[in-house]
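Protein chains: 4
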Amino acid sequence: MHGPEESAPERVNAFSDGVFAIVITIMVLELKKPEEPTFGALFHLWPTWISYAVSYLFIAIVWVNHHYLLKYAKGASFRLIWGNFAHLFSVSLIPILTVWIAESKLAAVPVALYAGVFMLVNVTYLVLAWECLGVRRPTAAAVRTRKLLHIRSFFTISLFFLAMVVSFWFPYLGLGLICCCLGLYLRPEIPGKPGY
Amino acid sequence: MHGPEESAPERVNAFSDGVFAIVITIMVLELKKPEEPTFGALFHLWPTWISYAVSYLFIAIVWVNHHYLLKYAKGASFRLIWGNFAHLFSVSLIPILTVWIAESKLAAVPVALYAGVFMLVNVTYLVLAWECLGVRRPTAAAVRTRKLLHIRSFFTISLFFLAMVVSFWFPYLGLGLICCCLGLYLRPEIPGKPGY
Amino acid sequence: MHGPEESAPERVNAFSDGVFAIVITIMVLELKKPEEPTFGALFHLWPTWISYAVSYLFIAIVWVNHHYLLKYAKGASFRLIWGNFAHLFSVSLIPILTVWIAESKLAAVPVALYAGVFMLVNVTYLVLAWECLGVRRPTAAAVRTRKLLHIRSFFTISLFFLAMVVSFWFPYLGLGLICCCLGLYLRPEIPGKPGY
Amino acid sequence: MHGPEESAPERVNAFSDGVFAIVITIMVLELKKPEEPTFGALFHLWPTWISYAVSYLFIAIVWVNHHYLLKYAKGASFRLIWGNFAHLFSVSLIPILTVWIAESKLAAVPVALYAGVFMLVNVTYLVLAWECLGVRRPTAAAVRTRKLLHIRSFFTISLFFLAMVVSFWFPYLGLGLICCCLGLYLRPEIPGKPGY
Chain V
16 MHGPEESAPE RVNAFSDGVF AIVITIMVLE LKKPEEPTFG ALFHLWPTWI SYAVSYLFIA
76 IVWVNHHYLL KYAKGASFRL IWGNFAHLFS VSLIPILTVW IAESKLAAVP VALYAGVFML
136 VNVTYLVLAW ECLGVRRPTA AAVRTRKLLH IRSFFTISLF FLAMVVSFWF PYLGLGLICC
196 CLGLYLRPEI PGKPGY
Chain Y
16 MHGPEESAPE RVNAFSDGVF AIVITIMVLE LKKPEEPTFG ALFHLWPTWI SYAVSYLFIA
76 IVWVNHHYLL KYAKGASFRL IWGNFAHLFS VSLIPILTVW IAESKLAAVP VALYAGVFML
136 VNVTYLVLAW ECLGVRRPTA AAVRTRKLLH IRSFFTISLF FLAMVVSFWF PYLGLGLICC
196 CLGLYLRPEI PGKPGY
Chain D
16 MHGPEESAPE RVNAFSDGVF AIVITIMVLE LKKPEEPTFG ALFHLWPTWI SYAVSYLFIA
76 IVWVNHHYLL KYAKGASFRL IWGNFAHLFS VSLIPILTVW IAESKLAAVP VALYAGVFML
136 VNVTYLVLAW ECLGVRRPTA AAVRTRKLLH IRSFFTISLF FLAMVVSFWF PYLGLGLICC
196 CLGLYLRPEI PGKPGY
Chain E
16 MHGPEESAPE RVNAFSDGVF AIVITIMVLE LKKPEEPTFG ALFHLWPTWI SYAVSYLFIA
76 IVWVNHHYLL KYAKGASFRL IWGNFAHLFS VSLIPILTVW IAESKLAAVP VALYAGVFML
136 VNVTYLVLAW ECLGVRRPTA AAVRTRKLLH IRSFFTISLF FLAMVVSFWF PYLGLGLICC
196 CLGLYLRPEI PGKPGY
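As you go down the protein sequences, you meet chains V, Y, D and E in turn.
Per the working numbering, numbering through the first sequence is continuous, rising by one, with the last residue being 211.
Per the working numbering, numbering through the second sequence is continuous, rising by one, with the last residue being 211.
Per the working numbering, numbering through the third sequence is continuous, rising by one, with the last residue being 211.
Per the working numbering, numbering through the fourth sequence is continuous, rising by one, with the last residue being 211.
Hints are computed from structural coordinates only; laboratory data are not their basis.
Quantities reported herein were computed from a predicted structural model and do not represent experimental measurements.
Some clues are possibly wrong.
Each pair may be met inside one copy or between any two copies, as identical chains are not told apart.
Below, a list of computed lysine to any residue pairs in the SDA-like style, where the Cα atoms sit at most 20 Å apart [what the hints assert, rightly or not]:
id, residue 1, residue 2
1, Lys47, Ser105
2, Lys89, Ala144
3, Lys47, Leu128
4, Lys48, Phe183
5, Lys162, Leu174
6, Lys47, Leu121
7, Lys162, Leu84
8, Lys48, Ala123
9, Lys120, Leu57
10, Lys120, Val181
11, Lys48, Trp61
12, Lys120, Trp64
13, Lys120, Ala68
14, Lys48, Glu118
15, Lys48, Val132
16, Lys48, Ala127
17, Lys48, Ser105
18, Lys120, Glu45
19, Lys47, Val132
20, Lys89, Glu25
21, Lys162, Trp145
22, Lys120, Thr53
23, Lys48, Ala122
24, Lys120, Val132
25, Lys120, Leu192
26, Lys48, Phe58
27, Lys162, Arg202
Make a model of the complete structure from these sequences and hints.
Structure below.
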């Protein structure tokens with residue numbers, strides 16, 4: 016299908032899917048079963064359960080966007096591979112920060128770092144987007160997609176940065192801002208483009 | 016094979032298989048080795064071993080049905096991807112509930128929640144089935160498959176709900192009902208259809 | 016490539032590879048780092064290191080044979096899928112038994128059960144072989160391959176059973192017999208057949 | 016695509032990617048969340064975070080080289096499969112040694128063994144390279160690629176050996192040598208060859 020000289024992105028996809036699958040299920044290992052077989056004991060562990068559900072949703076959103084972007088990749092270039100590794104690295108930090116947030120009951124520092132990790136996820140996504148959309152498809156449609164993607168990215172990166180700063184004083188507000196930013200990525204395609 | 020505009024379900028399959036493989040083997044990490052190298056110490060841990068075997072079987076049944084359904088998927092639509100994430104989320108809760116059941120020796124609340132999780136697995140499976148069978152293949156055979164699948168699904172969802180309610184008073188009976196429901200899914204295809 | 020009616024074995028392969036990859040690396044989590052940064056502390060943990068290396072080799076042998084067999088599979092039939100699940104289930108028990116053997120320093124019961132697990136791996140492999148080689152390729156070469164495979168399988172299953180019985184009195188001898196049996200599977204193809 | 020007689024390297028790739036994905040994310044499980052929600056508590060854990068980042072980078076470099084090499088593989092021969100298992104085995108030892116280095120704060124023995132593991136990774140890589148580049152592509156370009164690869168490999172293997180010896184007296188210098196060697200592999204292709 017591909018000669019050895021030009022590299023296919025299939026193995027990059029397979030490796031990324033492996034990492035995403037592990038990261039999204041690693042949190043199950045952090046779930047503790049209640050001490051006693053009662054609803055009371057279960058409700059007592061609510062921060063663990065909520066944090067699992069929320070982080071599952073967030074990682075799913077990141078996967079959907081990764082999946083959307085890598086459809087445009089035609090080859091596994093040096094920059095694509097290393098941009099992807101940087102992206103997966105920042106994704107791999109989500110589980111431990113979620114656990115930290117849950118256990119500290121939304122303290123300032125963990126929430127601020129959580130916003131920082133999502134800023135990193137977004138920055139590395141932008142690097143991937145430059146590589147996937149930038150070089151290989153200089154059509155008019157791609158140019159417009161790229162432009163809208165850049166506007167959205169710079170907007171959400173600024174918002175994540177704001178969330179990070181705000182979290183030091185108002186962690187609940189910071190977490191609300193993070194949720195809003197991620198809502199913007201629920202559909203990977205840009206408004207005004209059919210996408211999927 | 017697929018242009019970037021229309022999304023192939025291959026990565027959805029690869030990601031789902033990764034999650035299924037992790038969920039089905041995560042329980043091995045919960046297996047404890049006996050304290051002493053004797054059969055007595057091994058038999059003492061029977062709830063752990065039985066629960067591992069039973070949950071392995073149940074997750075295998077869910078995988079077989081998932082595999083059967085996604086063969087019909089022609090593209091990775093928005094609803095397919097999110098229905099799949101919801102399905103995998105409910106599957107990922109099976110291991111921890113099985114451990115809870117085993118350690119509480121079939122107490123009422125864990126068994127009722129176990130039935131609730133399988134109800135969730137079934138509901139999200141129905142959503143996936145609507146997307147996979149409903150939109151893309153409006154042939155006469157597909158209509159009949161879909162109709163039989165719906166009948167079976169509504170029947171088993173009701174049965175799981177009954178099992179959940181019953182478990183609060185008679186957990187052993189509730190677990191028996193769960194096993195019966197899963198038995199209906201042992202073969203994914205609908206009776207009267209060659210299937211596989 | 017394949018219509019929805021006839022199922023391709025690709026997803027069975029992908030799922031199996033996921034399970035094998037997890038089972039073979041789960042043992043890394045059991046590896047303990049030495050208490051002190053000296054060779055003495057490292058040598059003190061020799062049963063852990065040896066058992067990791069040996070089980071890695073054994074699971075690699077099982078993977079090579081699985082890989083060899085599933086090349087012959089033309090479709091994912093009901094029996095193939097469930098034979099495969101049974102095979103993977105027995106493989107998933109190898110890590111915990113290896114840890115048990117290492118910690119009990121080759122006590123009788125763990126070694127006997129270890130032999131029993133490998134007997135199970137072999138029996139389920141034979142079921143898979145019946146499905147892969149038996150139905151779909153009734154050529155003269157396949158008949159001969161099948162016959163030689165059956166002879167080898169029945170021979171090694173008997174040897175594993177013998178190892179299990181012997182281990183109750185002489186665990187070291189039992190482990191030696193297990194190693195011999197696995198040596199017979201180092202190359203998956205049958206003598207007198209080019210194979211790979 | 017491939018007949019059963021000649022084996023395709025796809026499953027070797029899929030299995031390897033699974034192992035790499037698990038090895039690179041297993042270290043997340045070793046990450047401990049800080050005791051208190053403060054930056055001070057986070058900084059206190061710096062050896063854990065640094066070691067995670069560094070080992071992530073090193074395993075990524077090994078994956079990139081593995082990916083580069085296996086593009087040349089035309090079939091899954093006996094030597095390719097077992098060379099690959101040996102390569103993955105040495106890769107799977109990286110996480111535990113990194114943890115050991117971090118906890119012992121760069122003591123002599125862990126750093127020397129770390130250099131030894133990378134020497135092993137490099138030796139098994141060379142075996143894989145012999146199989147992938149040596150047999151199947153006797154073109155002039157391949158001969159030159161092979162020759163340059165051998166020169167680089169023997170050079171870096173000697174350097175890793177030197178790092179191992181040096182570490183017994185000067186562990187910091189040994190670690191510096193390891194970093195230099197890995198820098199040489201940052202781009203898998205050989206200088207003077209377009210590669211990727």
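Outcome of the hint check:
1. Within a single copy, Lys47 and Ser105 get their C-alpha atoms only as close as 25 Å, which misses the 20 Å cut-off; across copies the closest is 16 Å, which meets it.
2. In this homomeric assembly, Lys89 and Ala144 come within 20 Å of each other (Cα to Cα) only inside a single copy, at 13 Å, whereas the closest approach across copies is 26 Å.
3. Taking the shortest alpha-carbon separations for Lys47 and Leu128, only the inter-copy value of 15 Å comes in at or below 20 Å, while the best intra-copy value is 24 Å.
4. Taking the closest pair of Cα atoms, Lys48 and Phe183 come within 20 Å of each other only across two copies (19 Å); inside a single copy the shortest separation is 32 Å, beyond that limit.
5. Taking CA atoms no more than 20 Å apart as the test, Lys162 paired with Leu174 passes inside one copy only; the shortest distance there is 18 Å, against 47 Å between copies.
6. Proximity of Lys47 to Leu121 under the C-alpha cut-off of 20 Å is found in both arrangements, the shortest distances being 19 Å within a copy and 18 Å between copies.
7. In this assembly of identical chains, Lys162 and Leu84 lie within 20 Å of each other by CA distance solely inside one copy; the values are 14 Å within and 36 Å between copies.
8. In this assembly of identical chains, Lys48 and Ala123 lie within 20 Å of each other by CA distance solely across copies; the values are 15 Å between and 27 Å within a copy.
9. For a Cα distance limit of 20 Å, the shortest separation of Lys120 from Leu57 qualifies both inside one copy, at 17 Å, and across copies, at 17 Å.
10. Proximity of Lys120 to Val181 under the C-alpha cut-off of 20 Å is restricted to the intra-copy arrangement: shortest distance 17 Å within a copy versus 36 Å between copies.
11. For the identical chains of this complex, Lys48 and Trp61 are neighbours both inside a copy (11 Å) and across copies (19 Å), given an alpha-carbon limit of 20 Å.
12. Proximity of Lys120 to Trp64 under the C-alpha cut-off of 20 Å is restricted to the intra-copy arrangement: shortest distance 13 Å within a copy versus 23 Å between copies.
13. Taking identical chains as interchangeable, the C-alpha atoms of Lys120 and Ala68 lie at most 20 Å apart only when both belong to the same chain, with a minimum of 16 Å there against 27 Å between chains.
14. Taking CA atoms no more than 20 Å apart as the test, Lys48 paired with Glu118 passes in both settings, with 15 Å inside one copy and 9 Å between copies.
15. When the C-alpha separation of Lys48 and Val132 is checked against a cutoff of 20 Å, the pair qualifies only between copies, where the shortest distance is 15 Å, while the shortest distance within a copy is 28 Å.
16. When the C-alpha separation of Lys48 and Ala127 is checked against a cutoff of 20 Å, the pair qualifies only between copies, where the shortest distance is 15 Å, while the shortest distance within a copy is 29 Å.
17. With identical chains, the CA atoms of Lys48 and Ser105 are at most 20 Å apart between copies only, with a shortest distance of 16 Å across copies and 28 Å within one.
18. In this assembly of identical chains, Lys120 and Glu45 lie within 20 Å of each other by CA distance solely inside one copy; the values are 16 Å within and 22 Å between copies.
19. Taking the shortest Cα distances, Lys47 and Val132 sit within 20 Å of each other only across copies (17 Å), while inside one copy they are farther apart (25 Å).
20. Proximity of Lys89 to Glu25 under the C-alpha cut-off of 20 Å is found in both arrangements, the shortest distances being 10 Å within a copy and 16 Å between copies.
21. Within a single copy, Lys162 and Trp145 get their C-alpha atoms as close as 10 Å, which meets the 20 Å cut-off; across copies the closest is 36 Å, which misses it.
22. Taking the closest pair of Cα atoms, Lys120 and Thr53 come within 20 Å of each other only across two copies (13 Å); inside a single copy the shortest separation is 23 Å, beyond that limit.
23. Taking CA atoms no more than 20 Å apart as the test, Lys48 paired with Ala122 passes between copies only; the shortest distance there is 13 Å, against 24 Å inside one copy.
24. In this assembly of identical chains, Lys120 and Val132 lie within 20 Å of each other by CA distance solely inside one copy; the values are 18 Å within and 27 Å between copies.
25. Taking the closest pair of Cα atoms, Lys120 and Leu192 come within 20 Å of each other only inside a single copy of the chain (17 Å); across copies the shortest separation is 39 Å, beyond that limit.
26. Taking CA atoms no more than 20 Å apart as the test, Lys48 paired with Phe58 passes inside one copy only; the shortest distance there is 11 Å, against 23 Å between copies.
27. Taking the shortest alpha-carbon separations for Lys162 and Arg202, only the intra-copy value of 17 Å comes in at or below 20 Å, while the best inter-copy value is 31 Å.
No hint from the list above goes unmet by this structure.
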